[in-house]
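Number of protein chains: 2
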Amino acid sequence: MVKKIKKIDARKELSMFGNGIVGQIDKGSNPDITLPIRALSNIFFDKKSGLVKLGIKVSHRSYLNTSHTRKFMQTVMVAAECNKIINQGVTTSIRDLYYALKRTIPDTNENTFEEQAESDPILEDLEATLNTLREALHLKADRKGYLAGPLTIVDSDDTIDCSKMGSSGWAIPSNVEGEIITFSKCTADYILFIEKDAVWQRLNEDKFWKIHNCIIMTGKGQPARGARRLVNRLHNELKLPVYVLADADPWGYYIYSVIKQGSINLSFLSDRLGTPDAKFIGLTTEDVKTFKIPNNVTIKLNKGDEKRAKEMMKYVWFKPKEWQAELRNMLRVGYKLELEALSAKGIRFISEKYLPKKIKEKDFLP
Amino acid sequence: MVKKIKKIDARKELSMFGNGIVGQIDKGSNPDITLPIRALSNIFFDKKSGLVKLGIKVSHRSYLNTSHTRKFMQTVMVAAECNKIINQGVTTSIRDLYYALKRTIPDTNENTFEEQAESDPILEDLEATLNTLREALHLKADRKGYLAGPLTIVDSDDTIDCSKMGSSGWAIPSNVEGEIITFSKCTADYILFIEKDAVWQRLNEDKFWKIHNCIIMTGKGQPARGARRLVNRLHNELKLPVYVLADADPWGYYIYSVIKQGSINLSFLSDRLGTPDAKFIGLTTEDVKTFKIPNNVTIKLNKGDEKRAKEMMKYVWFKPKEWQAELRNMLRVGYKLELEALSAKGIRFISEKYLPKKIKEKDFLP
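Sequences listed follow chains A and B, in order. So the first sequence is numbered by the numbering used here: it starts at 1 and just counts up by one. So the second sequence is numbered by the numbering used here: it starts at 1001 and just counts up by one.
Chain A extracted, bound-state conformation (with noise of 0.2 Å):
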């Protein structure tokens, strides 16, 4: 399935919330924003696209409502602000944003802002109220991960062979949209994407990306924005494959499930972070016999991870077959492991040895 990309113009849906609020005080009125409701109760999994997304529920915050005024306002200073950095054509973070709009209201003690904590989440409001990203808004989340492999980007005035970047790989920022990063040639087969840094490093070093002819990116544990949204736009501009290793855990299965799926708390942006084709080429707790590795390098399972496991064998994009059946073996044998529990069969085994096989056989879970 091969989704075609929404540009999104920030311009134009901020100026579309200012209007509609100045529109609605002209008419004498209450000014009043909608909401959609970023919770369990309004998401649900849309089996047509395969991803997890927000409901049609809306919540209200009114100016005139005493407890809704200080959010009103803060909505509102937040969207000005975002407006302000759009049109100075700059970017900044979400700390530098906070920073930038924290005064006290003058003839009062009342800050506009008290922490950080305070103006994350009305971002995140009008992230989903606009049906835009952070980065159209011109703000950056942390970022995290490095790709290598036959792509050459754009970024600004700066061409980058990301075959030619040494032992560091390319570091993905946080923003990658259109506006910043494109694609100017790639010659790759597939994307592999790695739970983890340290077998990133491993496979760099072992030049898997040249010996088969792939992209390999990491997202360093859970992935930041900027990585989801990057396999995003490789798998669905350029047509690839997608196929994530992670460790035989309930985390690992969480990391693919949110690359594929995307998140609970995301939900409103699963579209543009998701991707519903990618496959899972392990590492699974069955491969400890398909692989014969050692007894001694698997973990016994705890308290919680046995809980994350029922539960997740509960949520409806674990149910097909092949993904009930490792989670109950998991059960089964009471062990969990992680990537580099493959060193124990040498140091390239995972990338002379296992994945090599994965990908001929094609020995993946959906």
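Hints are not guaranteed to be accurate.
Simulated DEER-style distance windows between Cβ atoms [as the list claims (entries may be wrong)]:
#1 B:Gly1304 x A:Lys353: 31 to 39 Å
#2 B:Ser1184 x A:Pro366: 44 to 52 Å
#3 A:Ala39 x B:Glu1237: 53 to 61 Å
#4 A:Asn296 x B:Ser1184: 24 to 32 Å
Rough simulated footprint, nothing fancy, chain B against chain A, three-plus residues with beta-carbon under 8 Å [what the hints assert, rightly or not]:
#5 87-95
#6 161-169
#7 288-297
Just so you know, the hints here were simulated from the structure itself, not pulled from any lab data. Quick caveat: nothing in here was measured; it's all calculated off a predicted structure. C-beta: ideal position from N, C-alpha, C; glycine also.
Position chain B against the provided structure of chain A, taking the given hints into account.
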């Protein structure tokens, strides 16, 4: 002060280490390893070099002392594995090291290592004993940090121009030793080392490094060893002055002191990780007055900050009168502030006003 870098031949050191033990066994004596004591009791500030250093106290680890036997075995195993990976010409992570060595000793229920928390300190012991860097032992710690500016580096077969890296910058690898990374061209006048990535991104977007002909680097919080070693090499080999930009709080000052004098924990590596000529460019609590920073973006000191500031006033390396004055001022005004606080004066205030003024007036703390 320009220091000559001693070339470390880890293979030779490991060989001497191994031969020493074999020699003891051949003589029929109890094999014994001599280790420097890595604790506060064996740390001193070396005024001549300006570095925190390890003293001369040593401890012993001997095979036939049953309370040492396990650690003796582990130390020898780690040394043997390092020797193996160096000979194979690969690098690996400290987590991989743990997995590669973890096994059950035949005919016992005893595992060689139970957790990575057991193998990590053994590796630090070995580094201290051999007086070498883990990078020279082909082991990688976590990597963090980015760099941009008029510097061209060669990493393996790839030449990377750090002035053409778009919004990302060059990602600093964990191993920046001369065998991996060489500097092929540099026209920068100085290095600006920045505590926070968000501020680095602000300066990169404003092309600060281009306008002021410098290298901008960030360690993303407490810098990893790779970033500290890179500052040390750039300073010593290219004779670049180093200015550190951090928060005006005890944590920011501590980050500065680690870059300058080295850390207590890794005091045996201070020669290679510390840069005693580094200067502190800001932020300071004195800046609030100088730059008319609005009071409402300062943050009240908590009990922990106050305690830490008082402790720091007692450290030999914070004894210069300028630091004593700054720490006293912080305690007097009762607040700290983060670099992002400068955004209250405008998003580009830091790159267009604050830093240029500080550099022009050489307004540094020693």
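Verification of the supplied hints:
Checked against the hint of 31 to 39 Å, the pair B:Gly1304 and A:Lys353 fails, with Cβ atoms roughly 50 Å apart. Range check, B:Ser1184 to A:Pro366: about 48 Å between beta-carbon atoms, so the 44 to 52 Å window is met. For A:Ala39 and B:Glu1237, the hinted distance range of 53 to 61 Å is satisfied, since their beta carbons lie about 55 Å from each other. Separation of A:Asn296 from B:Ser1184 is about 46 Å and departs from the stated range, judged on CB atoms against 24 to 32 Å.
For the region 87-95 of chain A, the stated coverage by chain B holds: 6 residues have a C-beta nearer than 8 Å to a C-beta of that chain, and at least 3 were required. For a cut-off of 8 Å, the count of residues in the region 161-169 of chain A with a CB near a CB of chain B stands at 6, and the three-residue condition holds. Given as covered by chain B, the region 288-297 of chain A passes the check, having 3 residues with a CB less than 8 Å from a CB of that chain where 3 are the minimum.
Hint compliance for this structure: hints 1 and 4 are not met, and every other hint is.
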